[in-house]
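Q: We have chain A; now place chain B onto it with these hints.
There are 2 protein chains.
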Amino acid sequence: MIAVDVMGGDRAPGVIVQGAVRAAQKVPVLLVGPEREIRELLYQIDPGWEARNISVCDAPQVIDMGEEPVAAVRKKGASSLVKAVSCVKEGKAVAVLSAGNSGALMVAATFILGREESLERPAIAGFFPSTTERKALVLDLGANTECRAHHLEQFAHHGSAYVSTVLGIERPSVALLANGTENTKGSLLTKEAFALLQKSSLNFLGNAEPFDVFQGCADVVVCDGFAGNVLLKTMEASFELFAHIMQKQIEKEPVTSVWKSQLQLWSEYFLQDAFYCLGHRKYGGALLLGVKGNVMVCHGNSDAQTIENAILFAWKSFSV
Amino acid sequence: MIAVDVMGGDRAPGVIVQGAVRAAQKVPVLLVGPEREIRELLYQIDPGWEARNISVCDAPQVIDMGEEPVAAVRKKGASSLVKAVSCVKEGKAVAVLSAGNSGALMVAATFILGREESLERPAIAGFFPSTTERKALVLDLGANTECRAHHLEQFAHHGSAYVSTVLGIERPSVALLANGTENTKGSLLTKEAFALLQKSSLNFLGNAEPFDVFQGCADVVVCDGFAGNVLLKTMEASFELFAHIMQKQIEKEPVTSVWKSQLQLWSEYFLQDAFYCLGHRKYGGALLLGVKGNVMVCHGNSDAQTIENAILFAWKSFSV
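Going down the list, the sequences are from chains A and B. Just so you know, the first sequence maps onto residues 1 to 320 in our numbering. Just so you know, the second sequence maps onto residues 1001 to 1320 in our numbering.
Mixed in with the good hints, there may be bad ones.
Here are the simulated SDA-like pairs of lysine to any residue, each with C-alpha atoms no more than 25 Å apart in a straight line [what the hints assert, rightly or not]: (1) A:K252 / B:W1259; (2) B:K1252 / A:F128; (3) A:K252 / B:Q1215; (4) A:K191 / B:W1259; (5) A:K252 / B:Y1269; (6) B:K1075 / B:D1064.
Since the hints were derived computationally from the structure, they do not count as laboratory data.
The shape of chain A in the complex, shown without the other chains:
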């Protein structure tokens, strides 16, 4: 069973329940949130839902996107987010996913599931697209806006271990996100982390710039959560900007052009496909590494397709 925080996300609960209903055609899903509201939505979306692999767990409270994580988790024990995480602890679900307040998700996961001892701070990790076969797992993508050098080193160890297990890479290569590839480049934090990584047993390659990440320069790229978040969101925003410019360009083609409509169709298809591959929709979300349980962090603006993919990915990865 995959536990889903129904109230998390910019378009919750509608798209969350929609995505879950679709995924439930293949895998068992446990919807966590206000029971009555969920049941109403389920009947609207699929009157025959009761015949599917769908269970509902009541959780009347909601944690908002802007709430301070620690206070929210402490105060709202009956929230969909906290209860969904508890389902993993209690063995009702093999994994939990939420598109809600990611800070609160991390806090709840840490409090309820507990930390792995070798990682002081759980981190959000996600695979990035690249022009080559190798896709870098980048962490942290936003769980820890403040990091110290040894945190980055721990991220590197955990990222390596994960990539090694999941992709079967024997000695994954590791790079450090910086503002230049030269050893002298970086902030105080990355310079200190550079020294630690160089002394470590890891297969450390050195600094990497965003360009290198998108070329699959290494199996694992580490950074603090603020920089990682800027990296992730700038990539997504750039794609949208690019698509916008492409559409403008096509509009500029003369109306008399015989191939304008063909070009429009092609670009629509291409953009849909490209966004699917490049964006978060393909995997549905990122992983929270460093807690004793399987937690997926979905994008706040997740749509039904993203949620469906995230549930299927979680099931495939963790149901064994």
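A: Frame of chain A; chain B shown alone:
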């Protein structure tokens, strides 16, 4: 006269001299670097160069991209970078531009031209593309990898003043780059800066994510140089990734497709145009704000076109 550091940049001195020769058809250029090498290049590129608006200033030393800025500037007083900056101080040029070590350029500009008192640390500022009419001036893009909150506030004041003067905007809006738009989001640094900006006389709108920057959410967006550098380089790298995926997609069209070659041609033209608008080639570079003189920081991988544009932009902006 615009002073050009001939030895700065990944493809220096070749493309730098090429770009300068092109620009010299319209504006006077002062090439700073090893005189003999420059003269040889000039004769190769344009045997009639002596009839143009080109002067040469001898500077035998070179500062490399990886050198520690302060030490390099102290040690290499006869370098092309240091001498080019000195030309502004001595009144030989109205502005200087370099595609070399940007840290060294900042140090040289600060030492030689002096700081403006209201800005403790000079910052690199550049306009970002957007889906709307408003383009945000983002700073710092990499001059200061370590910042404190009051530095960000100073960036906001200087960015506002610049935008106000150059674009004639009366009360420019200001935003703060963060990992979420909610007031509670951000690092310790941005949270402290948020409070300062809110108390200031500026037209402060709050936090902005990369997506907001590309929508022209504000006239000025401030961040530390590490985050700004990630923002800038991720945008550029994303465009390249997108172009790569687009070309792959076109290759997949069946060979028998009657419009494959037309599509290929269209995409080449489109990508060239898009990169020109989106990338640094259009303006040629970014500005160093906060020093007593006009300094343009060009991208390390600048080509001749970029250098030409940067020289023309500098002349247009500063020759009055």
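Q: Against the earlier hints, flag every one the structure doesn't satisfy and list their numbers going up.
A: Failing hint: just 4.
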